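Trainee: These are the residues of each chain, in order.
2 protein chains.
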Amino acid sequence: MEWNYAQAAQFLRERDRFIILCHRNPDGDTLGSAFGLWHTLTAMGKQARVCCEPVPHKLSFLEEGYAPSDFAPQTVVSVDIADEQLFGEGASEWLGRVELAIDHHASHTFFAENTLLEADSAASCEIVCLLSEELGVPFSPLAARCFFTGMATDTGSFKFANTTPRTHILAARMMEAGCDAAEVCKRVFDTKSAGEFAIEREALNSMEVHFDGQAALIVLSLEMYARCGVTEAEADGLAGLPRKLEGVEVGITIKERGPNEYKVSMRSVDRLNVSELCSAFGGGGHARAAGCTLSGSLDEVKTLILGAVGRALEENP
Amino acid sequence: MEWNYAQAAQFLRERDRFIILCHRNPDGDTLGSAFGLWHTLTAMGKQARVCCEPVPHKLSFLEEGYAPSDFAPQTVVSVDIADEQLFGEGASEWLGRVELAIDHHASHTFFAENTLLEADSAASCEIVCLLSEELGVPFSPLAARCFFTGMATDTGSFKFANTTPRTHILAARMMEAGCDAAEVCKRVFDTKSAGEFAIEREALNSMEVHFDGQAALIVLSLEMYARCGVTEAEADGLAGLPRKLEGVEVGITIKERGPNEYKVSMRSVDRLNVSELCSAFGGGGHARAAGCTLSGSLDEVKTLILGAVGRALEENP
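Keeping their order, the protein sequence lines are chains A and B.
Using numbering that gives the first Met the number 0, you'd call the opening residue of the first sequence number 0 and step up by one each time.
Using numbering that gives the first Met the number 0, you'd call the opening residue of the second sequence number 0 and step up by one each time.
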C-alpha cells in the first residue's frame, strides 16, 4: 500500500519495538532520517534501534544522544532505501520483512508492505520531519540536527535543483528548534583532512574532458586512497567535482572498488537523466545524481560508460 | 540618523531619481541589493540607476532586465558599503553625499546622512528584500533572483554562522516568487572554468600550515593568475579554502595586487575575531571573514600577518 502521512503516523502510533534500516554506505540523509526517527519514536515512549553500517567519522555527531535499548524487534521500518539491493551489511535478515518504507527516490521499487514515498522531496529527512510533526512530537535540538543534516547533505547545502521552498522552511524550523546549522555545515561541507585535500588535488589532476567539453571524468583508484591516506567514503564528495567544470553537462566519477570492480557516479546539470543512464547498467538514483557498479578493467568500464554518455548527449542536444 | 524599515521606506516613497552605489570589487550581495532595489524602485514608477564597477562574469545575470534611464541623480543610496573608503571606482563624486546607507556590516562607519543598518542580517539583500516588502512592492522573478543571490553568496549557500532562520524563510519566499535557486547556485558556486580549476590546484599546492595546524595560509600571485588565465576576481572564492583544513582556526589568503602590495583575506572558525585583527592593519569586515591591504615584500607581509595571528591565537586559546 502507498500511504500518506496520516496513515504512516497511525502505524507508528500503533506499533512498538522498531528496527530502523539505513541504506549501505550510509550518508547524511539515511542516517539523519534514522536517528531523527529514533528520537521521535523514543520521545513517544517507544523502543527503537537503528540498523546501519558504521557511521562515517564526519557524521558521527548524528549518533549523539542515541541510546538503543535491547529488545526483539517487532516492526521493521526502512528510511531512504530505494531498493532491497541497497540494504546495508548486517540487514539481510530483514529482507522481505519491511512493513514501512519511507523514501524520496523516484526509482523506489516498493519492496515494503507499505510505503510513504515523496519523490519530489529533497531528502527523506524532510519526510520523516513532517511525519514527526504529524505525530505531534516536538523537535528536540538533537532531532532537529538530524533532520537538518539530511536536508543539507542531500541538497549540497540547498544548492541542487531538488531544493524546494519547503526545504528552506523546514531548515528554518530546525534552526529554531535548536539545530546549530553552521556547525553542521562546517562539519559536513567545510572540513577536510590533509588527506582529503591531497586526494582532491589528485582528482583534479586526473580530470579528462570528453564530447567537446560536455562530459568530464575523474578516476579514483585504491592506490590513490592509500597514497593520500583516505577511505573511499572520505573521497565520496569528489563525485560532484567534474560537473563543476564550465560547459560540462555530465560529470563522471569512476571509483575502483576491487579487482575489476568499479563504482560509477554520475551527476548531470539539466539535460541528461543519469538515473536512466545508470539503470541500463543495473544502477539507479535521481535524475541529476545516480550511480552503478561495473565489472571489467578500467579501460573497459570507461569505454562502456563514455559510449552510453555519448549516445545520451547526442539524443538530448 | 539611524532609521528603521518604516522610515527608510517613507524616504524612498518621497524621493526620486536614485543613484544606487555598490562597494568596490562588487560581490553578489552588493550587486543583488543594488539591482534588486532598482527593480523595486522601478516598479514604484521611480527613476533609478546603479553605480558600480564592472559586474563579474559570474554575476552578470543580475543585470538581466536592468534598463537605466538617463537623468540627473537627486537621491544617493548606498548598499552593502561599510565605509566610504570602499566606494567603487567612478563613485568618488558621491563621497559625503549619501542620504541613505543600507548595510549589514558590524564595522559600518555611519558615513551617510541616514542609515538602515542590521548587523545581524546575513546579507544586505535580506534588508533590501524586507524593505521592498515594507514598500508593498511584489517581487518579480528577476528581483527575487537578485535578493536570493545576495543571501546565498554572503552565507556560502546558507552554510555560514551568519545564516538565520529568517535567511532560509526569505530564500523560500524568493523561490516562490520565481527565482530559480538551483540555476543561481550552479552559476555562482558550482561552475568553474578550466582556469579556476587550475588555480585551485596551485592554491592547494601553496598551502602552508602554522601554529600547530591552527592556521593555514595560501598565496595567490599575479604570476599564478597569468599562468592559469584567471582574473583576481575569479580566484576570490579560494579565500575560503585554507579554513577548510581540519583543525584550522584561521585561514589566510595573501593575494598579490601589484608591486609590494598585498590584499590579505582572513576567515576564522569560531575563536578569532578577524575583523579586529584586520582593523589593526587598516582593514575590516565581519568577525569570521575580514580583509586588509598591506605594503611590503611577500615575506614582510607574511611575517606581519602571521605575527598578529599567532598572538591572537595565544590570547584566545
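Derived by calculation from the structure, the hints in this document are not laboratory data.
Any given hint could turn out to be false.
Copies of the same chain look alike in the list, so a pair counts if it fits in one copy or across any two.
[Stated by the list, open to error] Taking lysine to any residue pairs in the SDA-like style, the calculated list, with each CA pair at most 25 Å apart, reads:
id	residue 1	residue 2
1	185	233
2	185	240
3	301	226
4	45	24
5	191	207
6	243	230
Every value quoted in this text rests on a predicted model; they were computed, and no experiment measured them.
Trainee: Run the structure past the numbered hints and jot down the numbers of the failing ones, going up.
Mentor: 4
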